[in-house]
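Asks: Below, each chain spelled out in residue letters.
Protein chains: 2
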Amino acid sequence: MRILGPAPSCLDRLECSLCTAVRPFGPEPAGLCTCGAPLLARYRLDEVRKALHREDLRGRIASLWRYAEILPGVTPVTLGEGFTPLLPASRLGRELGLHGLLIKDESVNPTGSFKARGMSVAVSVAAAQGVRVAATPSAGNAGSALAAYGARAGLQVQLFLPETTPRPFVLEARRLGARVRLVPGSIADAGRVMRESLGQGGWFDFATLREPFRIEGKKTMGYELAEQCGFELPEVVIYPTGGGTGLIGMWKAFDEMEALGWVGGRRPRMIVVQAEGCAPIVRAFERGADRALPWPNPETAASGLRVPGSLGDFLILKAVRESGGTALAVADREMMEGSARLARHEGIDACPEGGATLAALLHLKQEGKVGADERIVLFNTGTGLKYFDAGPGIEPG
Amino acid sequence: MRILGPAPSCLDRLECSLCTAVRPFGPEPAGLCTCGAPLLARYRLDEVRKALHREDLRGRIASLWRYAEILPGVTPVTLGEGFTPLLPASRLGRELGLHGLLIKDESVNPTGSFKARGMSVAVSVAAAQGVRVAATPSAGNAGSALAAYGARAGLQVQLFLPETTPRPFVLEARRLGARVRLVPGSIADAGRVMRESLGQGGWFDFATLREPFRIEGKKTMGYELAEQCGFELPEVVIYPTGGGTGLIGMWKAFDEMEALGWVGGRRPRMIVVQAEGCAPIVRAFERGADRALPWPNPETAASGLRVPGSLGDFLILKAVRESGGTALAVADREMMEGSARLARHEGIDACPEGGATLAALLHLKQEGKVGADERIVLFNTGTGLKYFDAGPGIEPG
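Which chain is which? The protein sequence lines are D and U, in order.
At the far end of the first sequence sits residue 1014, using this note's numbering, and the numbering has no gaps.
At the far end of the second sequence sits residue 1014, using this note's numbering, and the numbering has no gaps.
Simulated from the structure, these hints should not be mistaken for lab results.
Since this is a predicted model, take the numbers as computed values, not measurements.
Virtual Cβ for every residue (Gly too), placed ideally from N, Cα, C.
There's no promise every hint is true.
[To be verified] Now the stretches of chain D that chain U is said to cover, found in silico as 3 or more residues with beta-carbon under 8 Å:
| # | stretch |
| --- | --- |
| 1 | 674-680 |
| 2 | 701-710 |
| 3 | 778-790 |
| 4 | 977-988 |
[Unchecked claim] Per the computed footprint, the stretches of chain U lying under chain D, defined by three or more beta-carbons under 8 Å from a beta-carbon of chain D, are:
| # | stretch |
| --- | --- |
| 5 | 637-644 |
| 6 | 727-735 |
| 7 | 777-789 |
| 8 | 792-800 |
| 9 | 952-962 |
With the sequences and hints as input, model every part of the structure.
Replies: Encoded structure:
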């Protein structure tokens, strides 16, 4: 039976993403650096380079835990997350005259979104460290994923969601045994209420980038892109960006893989997509700023993009610029049209965030920023099932 | 890039499951045998036996198309279906004193259910044969799957669903571009209305077992069980049975694998689970009958089990008896409790049909029909997301 035991991890230490202070990875759960910035996991890559050749991955378990050496060495709390399909979008590609169009479909993850990746790894570490109560603010999908992995690990889970979160997310998290509190305002307000109402100690904060291991789960999207493209990275990656963990994670994966000799120096152009009603990274990118100011009164139907600020803003902006990419905002109407088109032309019932990547692609194409034969990867970050329960949505005639 | 081309299929012919009449697999779409029974695909297994060793599967694509030799040789219309995780249910297993408890989680398939398997294969064949209009009656998940694969293949899709089908299924299918007609009564009534209203010709009938290739997709669940258990089949398989294609398909897979020398003669005991309000197979099993009479006024919240009769009834009953298995019905309340328990204890947001397998297991345990160390596989056939939108459902306090 293929049940994966503790992994031969080469995790070495935690390192601050801003001040580069180092701390050991040990039995105590780690939060932010004392300077307030996110900690990142660092590995003995020279050791991995010797022990693991990229061809050795072939035949490993079809989940993100196939990359055990560059993940923390704990018993996985797993539901089979990751190693999602990279699907050719041939029909849509022909219509658009883009012959290398691909969709990384994250909707087939447990709980229907890419959030499963981060939570599988973060909960695995936290459970091994003896955490009993898990808490996070969430726009919806992260909450459901924490609820699922928390349930599987026997943790108590406390979620704080904006009261505008579509109802299917709330019901899902409750079915999975989480306590869900609805909070007026955005995910930032939900985070504040969480920290006030749970008080000091006795619980662990799984909020985006406030612990170092959700990003380790998310970075596997970068490893998979490489592996699924025969270790020739695609030319363009279009990514819907709320907290941005996935984009930061993929950039980290590209760094690691280059150090391992698995990929060369050519990287994809990383394209950040946000909503017109909440575009802090786009604004900062356009202004040439290194950090993004919080977006006042964020508004968009794509709950995963209703994120007024990210602790990793500087990391996102750096990756986009280093990659020669860009950042752009799309209207909610365009996202919905994008979702509808992905559904009707490619059979993928995409969430609005996934639809946003197609909307962005149409802009990039019009501006001549993508080539007809480039491999362009759209990230569909989650299923459409949780969004279109009650509203008129995108129902066809 | 790992894009799979046409497969080195060893498909040989189609054979009637009842009268054993043979017809070639050719350019014309195939429906039922002239005697009215389902046709089954037969392969040149001696050729497969020589060409493909079970170890060769290692490293193949993580979808059901990894079993290309024993699938039809057409270009796959694929969304990455199959090769779903077989998850240890350790917490639940400890509670129940069952130490080999496993869950085959089909909810991570495209469109969130096991129906993706059958439709991927059947649509691939039909598209290659030039079918333009696809139609099926459905309890929900088969319709959404046909909508998705039909969209991907550029087919027009016509669905006929019972008007009691939960709304999320209907909205999903419509987002995927299908025309959905709601019909009073059960799936049997929906099938009748379909055949009346679409008339003769110009469309192809994808209803359960009315064409030979959905079962080919479903049988891969059996191949995966074997591969994921190191080719030592588990002792017990508990399967929620509506039309029964999956159970018939797994039994066919076991036959094929035995002929290939991949597994020995020991088979799992196959356990059919149905709803108390619709249990035609259970009734026939208890009466010692070879065929099942249609169930009048079927009633259950598990729409996938609200199937009053199956064209494959005799094949289901034969497999269950040959395996030394049994058939039992559970109450809707028990299913819902089962779903809730799978969600809260294992992190799997199971559909009611998935919950029914756990409910059945509790009965089997009480009756001493399962051993503490046997490997018992519960099939969660789909996600809970499409069920619990509006009703009080199983919401915790």
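Asks: All hints, please: hold or fail.
Replies: To see whether the hints hold, each was checked on the structure:
1. 674-680: As far as the stretch 674-680 of chain D goes, the hint holds, because 4 residues have Cβ atoms under 8 Å from chain U.
2. 701-710: holds (count 6)
3. 778-790: holds (count 4)
4. 977-988: violated (count 0)
5. 637-644: violated (count 0)
6. 727-735: holds (count 3)
7. 777-789: holds (count 4)
8. 792-800: holds (count 3)
9. 952-962: holds (count 5)
Checked against the numbered hints above, the structure breaks hints 4 and 5 and satisfies the rest.
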